[in-house]
Each structure stands twice: as structure tokens, then as C-alpha cells.
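Peer 1: Now for the letters of each chain:
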Amino acid sequence: MPGNTRVSLGRRAFLGGMAAAGAAAAGLRAGRARAAESLNALVWCDHTDPALIRPFEEAFDVRVNLKEYEGTGTAFSIIEQSAPGDGDVFVIDGIDVPRAVDAGILAPLPEEELPTADLFPELVMAESHVRDGRTWAISEKFGYNTISYNREKVDPADVMDMAVIWSEKYAGRIAIYDYYLPIIGLVAIGLGKKTSELTEADLPAIREKLFQMKKVAKLVGDVVASQTALATGEVDILVGGGEWVTAGLAAEKPELDWVLPKQGGLRWSQSIGIFADSTRKDLALEFVKYILSPEGQARLATSSCYWAMPANRRAGEVLTPQQKAALRWDDQPAYLARAQLYPAPDAELDARMQDIWTEMLQQ
Amino acid sequence: MRRLADGLALGYVVAVYAFIYLPVAVLVLFSFQESRLPIPPFDGPSLRWYAAVFADRRLTDALANSLLVALLSSALAALLGFLAAYGLARYRLPASGLQRALLTAPLSVSYLIIGLGLLIMFSRLGVPRSLLTVGIGHTVINLPLCFAITYSQMGAHQENVERAARDLGAREWQVMLLVTAPMLLPAILAGFLLSVTFSWDEFIIAFLLSRFDVTLPVEIWSLLRSGLNPRNNAVGSVVFLFSFALVLVMELLLFRRGRRR
Amino acid sequence: MAAVRAARRQRLRGFAFVLPALLWTAAFFLLPFAFMVAMSLWRRVGGRILESWTLENYADFFGRPHFLEGLANSLEITLTVTVISVLFAYPLAWIIAEKVPERWQRAALMLAVLPFWTSYVVRSYAWLLVLAHDGVVNRALLAVGLVEAPLVLASTRTATVIGFVHFFVMLLTLTIYANLRQLSPNYARAAADLGAGPVRIFLHVILPLTLPGVMVGAFLTFVLAIGDYVTPQILGGNNELVLPQIIMLQIGRRADLPSASAMAIVLMAVVTLVYFACARWLRLERA
Numbered sequence: 001m002p003g004n005t006r007v008s009l010g011r012r013a014f015l016g017g018m019a020a021a022g023a024a025a026a027g028l029r030a031g032r033a034r035a036a037e038s039l040n041a042l043v044w045c046d047h048t049d050p051a052l053i054r055p056f057e058e059a060f061d062v063r064v065n066l067k068e069y070e071g072t073g074t075a076f077s078i079i080e081q082s083a084p085g086d087g088d089v090f091v092i093d094g095i096d097v098p099r100a101v102d103a104g105i106l107a108p109l110p111e112e113e114l115p116t117a118d119l120f121p122e123l124v125m126a127e128s129h130v131r132d133g134r135t136w137a138i139s140e141k142f143g144y145n146t147i148s149y150n151r152e153k154v155d156p157a158d159v160m161d162m163a164v165i166w167s168e169k170y171a172g173r174i175a176i177y178d179y180y181l182p183i184i185g186l187v188a189i190g191l192g193k194k195t196s197e198l199t200e201a202d203l204p205a206i207r208e209k210l211f212q213m214k215k216v217a218k219l220v221g222d223v224v225a226s227q228t229a230l231a232t233g234e235v236d237i238l239v240g241g242g243e244w245v246t247a248g249l250a251a252e253k254p255e256l257d258w259v260l261p262k263q264g265g266l267r268w269s270q271s272i273g274i275f276a277d278s279t280r281k282d283l284a285l286e287f288v289k290y291i292l293s294p295e296g297q298a299r300l301a302t303s304s305c306y307w308a309m310p311a312n313r314r315a316g317e318v319l320t321p322q323q324k325a326a327l328r329w330d331d332q333p334a335y336l337a338r339a340q341l342y343p344a345p346d347a348e349l350d351a352r353m354q355d356i357w358t359e360m361l362q363q
Numbered sequence: 001m002r003r004l005a006d007g008l009a010l011g012y013v014v015a016v017y018a019f020i021y022l023p024v025a026v027l028v029l030f031s032f033q034e035s036r037l038p039i040p041p042f043d044g045p046s047l048r049w050y051a052a053v054f055a056d057r058r059l060t061d062a063l064a065n066s067l068l069v070a071l072l073s074s075a076l077a078a079l080l081g082f083l084a085a086y087g088l089a090r091y092r093l094p095a096s097g098l099q100r101a102l103l104t105a106p107l108s109v110s111y112l113i114i115g116l117g118l119l120i121m122f123s124r125l126g127v128p129r130s131l132l133t134v135g136i137g138h139t140v141i142n143l144p145l146c147f148a149i150t151y152s153q154m155g156a157h158q159e160n161v162e163r164a165a166r167d168l169g170a171r172e173w174q175v176m177l178l179v180t181a182p183m184l185l186p187a188i189l190a191g192f193l194l195s196v197t198f199s200w201d202e203f204i205i206a207f208l209l210s211r212f213d214v215t216l217p218v219e220i221w222s223l224l225r226s227g228l229n230p231r232n233n234a235v236g237s238v239v240f241l242f243s244f245a246l247v248l249v250m251e252l253l254l255f256r257r258g259r260r261r
Numbered sequence: 001m002a003a004v005r006a007a008r009r010q011r012l013r014g015f016a017f018v019l020p021a022l023l024w025t026a027a028f029f030l031l032p033f034a035f036m037v038a039m040s041l042w043r044r045v046g047g048r049i050l051e052s053w054t055l056e057n058y059a060d061f062f063g064r065p066h067f068l069e070g071l072a073n074s075l076e077i078t079l080t081v082t083v084i085s086v087l088f089a090y091p092l093a094w095i096i097a098e099k100v101p102e103r104w105q106r107a108a109l110m111l112a113v114l115p116f117w118t119s120y121v122v123r124s125y126a127w128l129l130v131l132a133h134d135g136v137v138n139r140a141l142l143a144v145g146l147v148e149a150p151l152v153l154a155s156t157r158t159a160t161v162i163g164f165v166h167f168f169v170m171l172l173t174l175t176i177y178a179n180l181r182q183l184s185p186n187y188a189r190a191a192a193d194l195g196a197g198p199v200r201i202f203l204h205v206i207l208p209l210t211l212p213g214v215m216v217g218a219f220l221t222f223v224l225a226i227g228d229y230v231t232p233q234i235l236g237g238n239n240e241l242v243l244p245q246i247i248m249l250q251i252g253r254r255a256d257l258p259s260a261s262a263m264a265i266v267l268m269a270v271v272t273l274v275y276f277a278c279a280r281w282l283r284l285e286r287a
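Chains as they are written, first to last, in this note's numbering: chain X, 1 to 363; chain W, 1 to 261; chain U, 1 to 287.
Derived from the structure by calculation, the hints contain no laboratory data.
Every residue gets a Cβ at the ideal spot worked out from N, C-alpha and C, and that includes glycine.
Honestly, I wouldn't trust all of these hints.
[Said to hold, decoys possible] Derived coverage of chain U by chain X (criterion: at least 3 residues anywhere in the stretch with Cβ under 8 angstroms from a Cβ of chain X; other residues may be distant): (1) 147-158; (2) 179-188; (3) 194-203; (4) 245-251.
[Claimed, not checked] Some chain U residues judged to face chain X by a derived CB distance under 7 angstroms, without partners named: (5) Ser52; (6) Asp60; (7) Gly63; (8) Ala72; (9) Ala132; (10) Arg254.
Chain X on its own, in the form it takes in the complex (with noise of 0.2 angstroms):
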């Protein structure tokens, strides 16, 4: 009987250990709750790093929660499946800002707080960001999905022709990255078509090249995984990738590289702007009008999950000269002169466009 004494004596120490676990856990929880408010943000990955974010909590004594997501189209399903209010900052693909409009799911801003004289002008997208004289959203960063490669596997010559991203030469050593918008965009721009027109019309030959494309590629990736496959030597090449895949990993793995091939290549770019349901709009007002000055845009353009240009011209009197060599600070007029933006296909496009993507990838 000692022996059954102790174990239950344990036992009775162990139910209490368990219970402090769990005080504990909502002690951390309650002290979290303490911060005075919280600011709920829809975004791209790179917003995730805690140094973009936390200056920004300090400042204003907030916590921002963060959800990530990959593609509009996924946006859009989570936006879908939430409840009015849960979300107080959007960041979207420039492109597809008018989408977000239509769907009365972003307030209007105040034009006088935002610095769109300091933009790229390319990058003020009007067309986008303004309706009725109301601008609904600000772009915050961009760059380019076009091609990134191993400058010591791969002929620089042959990434200059966008044919290479459906050519037998290095079958089994592509990846693709995975998100249909841009990379139908590029097989567009390949075969001579112009992203801005594409239709329905113009589906079965991208498709046909998207079949040949799957066949010579190694993995169809999502960020880190077409990262890591690049980065550790799976494949040389990736399809759909640009200064956000290599400018990070400058240090490490110089040979990376990245080119706009002679037909051109695709420019993305991220705009920002508040839900029209958010029930703090001034915070989320204030949020934005931090990403957008030059401090908070050079830590977006340096950002722990991707690195790419930032929209406020600014940033540059921030960011270090080897920062501005790894984005490529110089060469972005001629960059923005030779860029498409990204196919914007209504629903009904959209939804084709998915099928053909969703055939591709189980071919």
C-alpha cells in the first residue's frame, strides 16, 4: 500500500501541475488581452515578420493579429466564411482591388492621409484603387513573377526566352510555383498574348501549354516549397518567381538570380486598404499609414518571408545601399517599363481558369 500511496500523492501533483498548465495558459492569454486593443489584419505573408509589426504595437500600445493567405481567390473564401467585423486591415493584390470594391468590403480612405505623391507612379493605379472619386485601397509593394534561376546550372541566354519555361532542355529541373493568376499570365506573355485581354477564348492554347509545362517540371510549389526546392538544388529554374524568391536569400546563395526575359514579364503588386465592416477604423487608419512611411516601407520591402520594392519611393532614404542592390533599386524604371500586370478575369473566367489549373496539377 506505500507504493499506492505515492503514486496517488503523485497523482494529486500532477492534477495540480496540469491545472497551473492551463492558468498559466490563460494568464498569458489574459496579459495579452491587457494590450488595450486589438487590430485584426487579413494579409500577405511578408506581414508577418515581427519586425514590420511591432514597432507598430509599441507605438500605439495594440496587438495586431495576423491571418495569411496565398491568393485572392483564397481571400475571398475566408472573407466569405467569416463574420461582419472580424476584420480591420486588407492587404489584396492591386489587380484584384476592384473585385474587393464590387464586393463593398472596403472603406473608403482619406486621400489627404496617404502619400501618393511619393509613389512609384506606376504604382498609384488609379484605374485600381480610385472609383467615384473615392480611393478605396493604396499600393504598399510590388515586384515581378517572371523567372528565377541557378546563374551556375542554368545558360543565362536561355531564361531570356520564355519559351524555356515549356522547353525540353531542363525537363525535371523546373519548379512552378503554385498560383494560377500569374503563371497563366506568363504562359500568356509567352505565346504573345496581352494579360490585360485574355478571354475565354484564349484558354485552350494557354492550357495546352500548361499540360506541356507540367510535364517538364519537378514540383508545383507553394512559396516555400518552390523556395526550398530552388535553394537546396531540386530544380534550377522557377516558373513564377522573381526578386521575392532570391533578393532574401542574397546572402547565402549568390548564384540565384533572377531575369525578365525578352517577351517581358509579370508585375504584382499589393495594395492595402480597411473593411468596410471594421469597428476600428481609425487604428486600422493609422496601421496603414505606417506601412506606407518610409520606415514601415523599407521593413515590408525586407521582410522575413519575401523581399520585393516598395510602393513609397521614400523607403530608399531607409533602406541600406546592399538592401537597394538586392531589390534592384536601379533598374526598376526600365523593369516597370517592360512588366504586364496580372490577368483580372471576372468570376465566370476565373472559375475556368481554376478548372484548368486544378486539370494541370493532376496531370
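Got chain X; can you put chains W and U on it based on the hints?
Peer 2: Only chains W and U this time, still in chain X's reference frame:
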């Protein structure tokens, strides 16, 4: 001949253990990597990624959320499971086979499907997704477990003691609370602890049913998607250590007595 | 009369204990399932859910080769994983139960299932690192000179299978070990007394007696593997999709809950069919 067989057996065991430990070893080793890429060559040891993990408030928040959800949902599952097991084992109830089947049914349904069903119901009913909805989901998957474990331990031995207590004038609730529950404590605790480890590590239901407050596996999933980084290895090693500690506690407190007997 | 009333009261009281759990299961398991069935009979058209009854989602699933192929991939991978895992786990469990001295068995078993407690999401990621082009396995093989060029391992079906087998070998070792331990050594002794050699004892006595337990473990493996999204998503490199991946695409990228529901129900139906196919053995175990 005998020795050859033993040698083969040993070789087999070593090979399988090597296979089982390979990913863990790689995970832990490269959590101490110095540079940004968790692939060979190893250039550590360095603790910088552990520092990054503990400095990342999103991760520590998620850890607290996970603990809270795991403890509360498991406690509820253990309680409901015990009550149901007591009712079904001690009373003759109509359609008791059907009741048992219903209570254990969630065991044979994929988590993805349970999560999707709850997602649809909550969004149709306008229930916002939060840690509460995650906890509900985890209770659904753990209740059958707690019920089955407790029910299987309810034997004639306890029944005799209960009868004795009743003969001595104990009321029903006293019997249950003061006689049955303590006797079944090992089973209840085993169910509870197993539930804690399941909930602690559950991904898909938490992914579908959470929003801005997330649990650790969901946060780790986001982390994995945000780039190749030894930080992922570090956080994986920390979780491993934590779960291991939990299992050790379970082993020492619950099963040692059984072995001694 | 009084006896009948007392019996009824007893029954009501007993029912009161079971009721909370039943209500919970009804509210958060059965009801969501009903919602899902209803949803699978609606359609998502042009960004709206159309609440009129139709079987089109099911027709879609069975009419489109790339969806059906997802089901085929799921079945192939899951069956492969189940068979390989049993073949790996059985000998290990047997060696632990028979060859390892009694006092070390528990430790040996604990050691075999320890990595079970690494985070499920992280485990697949770790395999990705192990199997990468520049990863540990390829480096070792190259160093030993077993291969001349790195093997293509990551982002393939092989990688998915390896990731799964790793998990289920641990799970099955536990269940098969428990089964072997329940066997009375008297069976083997009796067979030996009757002149059977070790191989015959194993084939004719031990294996048949443990088969029901193995079947339960195999069924569990099947259910868990066929419903898993994480392992194929991380390790498969999107080179082919399994059904859970397609379901998640429908939920995540398209907010198409109706078609996701239909696919989920197909998945459940498949599992149920397999359950009935194995029911003979599964029921044996319970008896």
C-alpha cells in the same frame, strides 16, 4: 542458426529505428544551424533560431492558445465521456448498442470531414470562428476516445464496491463521485492525457475553424509556408520536447503502478 | 406496478448520465453532417450559393477525370502505405515481444514510438529536408558511392509514401505489439509439443491469432491516411493531387463548399465501403 536469426533480428530493429529517427535527428540537428538554410553542410551550433522562436510573440501566443484549447477541450471530453460510460455500464438502457455506436462514430470519420461539417454549420448559423469553435471540434474528436477508454475499464470489481457503498447508504451522486470516479481515475486520466496530446497536435480542424487567434500547429503551418528557415526546425524541436515531457509524465504517473503490480 | 415504475426511474436516471455526451455528439457531429449533406446538394454559381436541390456536384465529381483521378490516387497511395506499414511494423513488434527481455520491452516500445510526438506538421517538413536533392540521404548515398547522381526523392509519390509509412509504422508497432502480448505463450508451447517448427508455429498459430488485431490497425491506418491533407501537400510537390487536397482547394481557393461537401461525402462512402469489406475481421476482434 539461432545466432544468425538473432543477428538478423537485431539488424532489422536497428534499421527500422534508424528510419524512425532519421527525420527527428535531421530536424533537431539543423535547428542549431548558423546560416539561413537548414540543409547540409551543418555550420552550427548556434542558438539564434531558438532565440528567434522565443522572441516571436505570435508563436508564444499560439502555444498558449494550444495549451488552453487542449486542456479545456480534453477536460470536457473526459467529463462527458466518463458520465456516458457510467450511465451505459451501470444502467440497463434501451438501444444501448446504438448509443455506444453513436458515441464512438466520430472515431471512424476523417478529421477533415468533421472540420468541414462544423465549418459549414458555423458559417450557416453565423457563429464566428475562434478558439471556442476549435475547442468544440477537438471535443468532438476526443469524446469517443475518453468514452471508450473509461467504458472498457468499468468492470464487475467496481460494481461490487459501488453496491457496498449504496448498501451503506450512499446516494447515487456520492457513489459516482466518491467511489466510481476515484477507482476509474487512471482510465479517465489516460483518456484526458491522450486527448491533450491529440488536441495539442491537431491541425486540419484547427485550421478550418480558427481565424485570427490560432493554435500552434496552424501557426507552424503558416511559418512553413513563409520560407525555408531553421526557425521551423527550432520550433519543431521545442514542440517535440514539450510533447515528450507530457508523455514522460503520463508514463511515470499512470503506467508505473500497473507495471509494478 | 411499483417495480415497473422503479425500473423506469432507474432507466431515466441512467439516461441522464449519457444524455450530455449524446447531445454533444448530436449537435456537433450529426448536425454538421446534416448541414454538409444539404450543402452537397446545392450549387455554387457565380460567387453565390444556390439553394435548390441538385445532384450536379456529384455528377461533376464523377464526370471529371481529374477529380476521379484524385480518388484513384488516394486509394493507391493509402493501400500502398497500409501494406508497407504492416510489413515493416509486424516484424518489429514481434522482435520486441519475443526477443527483447521482458524488462526492456516497454523501453524498446517507447523508443520506437517516441518520434510519434513530434509535431505532425513539422514531421513532413523534416522529411522534405531529409529527402531533398542536397539533403542528408542523397549526401550519404553519394559519399558512400552507392549512387552517382542525387536521387529524385522529394516532391514525388515516393516521398508521400515514406512520410506516411514513417508515422504508421510507429502506430502499427504499438497495436501489433499489444496483440502479440495478449497471446498466451501456451499456444506456441502446445504447437511446439506437437512437433511444429518455429516457422510453422508462426504461420499456423501466431499469425492467424494476431490477424484480427492487425486488421484493426490496418483499417485505422487506412482511415487516417486517406483523409490526410498535410503529408501529400508538403511532400508530394503537387505532382498529383489526392482527394483531401482537392477538397481543400475547393474550400480554400474557391469557397466552393457545395462541391467540397460532395467530395467529402464520397470520401466517407469509400471509407464505409472499406469498413464493410473488412468487417468480418474487425468484428472478430470485438467478440
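Peer 1: It remains to establish, for every hint, whether it holds in the given structure.
Peer 2: Verification of the supplied hints:
For the segment 147-158 of chain U, the stated coverage by chain X is satisfied: 4 residues place a CB nearer than 8 angstroms to a CB of that chain, which reaches the threshold of 3. Using a Cβ-Cβ cut-off of 8 angstroms, 0 residues of the segment 179-188 of chain U lie near chain X, which falls short of the minimum of three, so the contact claim is violated. Taking a C-beta to C-beta cut-off of 8 angstroms, the segment 194-203 of chain U contributes 0 residues in contact with chain X, too few for the three needed, and the coverage statement is violated. Counting residues of the segment 245-251 of chain U whose CB lies closer than 8 angstroms to any CB of chain X gives 3, which reaches the minimum of 3, so the coverage claim holds.
Taking 7 angstroms as the C-beta contact cut-off toward chain X, the hint placing serine 52 of chain U at the interface is violated, the least distance being around 19 angstroms. The beta carbon of aspartate 60 of chain U comes no nearer than 10 angstroms to any beta carbon in chain X, farther than 7 angstroms, and the hint placing it at the interface is violated. With a cut of 7 angstroms, the hint placing glycine 63 of chain U at the interface with chain X is violated, because the nearest CB-to-CB distance is about 12 angstroms. Given the 7 angstroms rule on beta carbons, the hint for alanine 72 of chain U is violated: about 10 angstroms separates it from the nearest Cβ of chain X.
Evaluation of the alanine 132 of chain U hint against chain X yields a held restraint, the C-beta minimum of about 4 angstroms falling below 7 angstroms. With a cut of 7 angstroms, the hint placing arginine 254 of chain U at the interface with chain X holds, because the nearest CB-to-CB distance is about 6 angstroms.
Checked against the numbered hints listed earlier, the structure breaks hints 2, 3, 5, 6, 7, 8; every other hint is satisfied.
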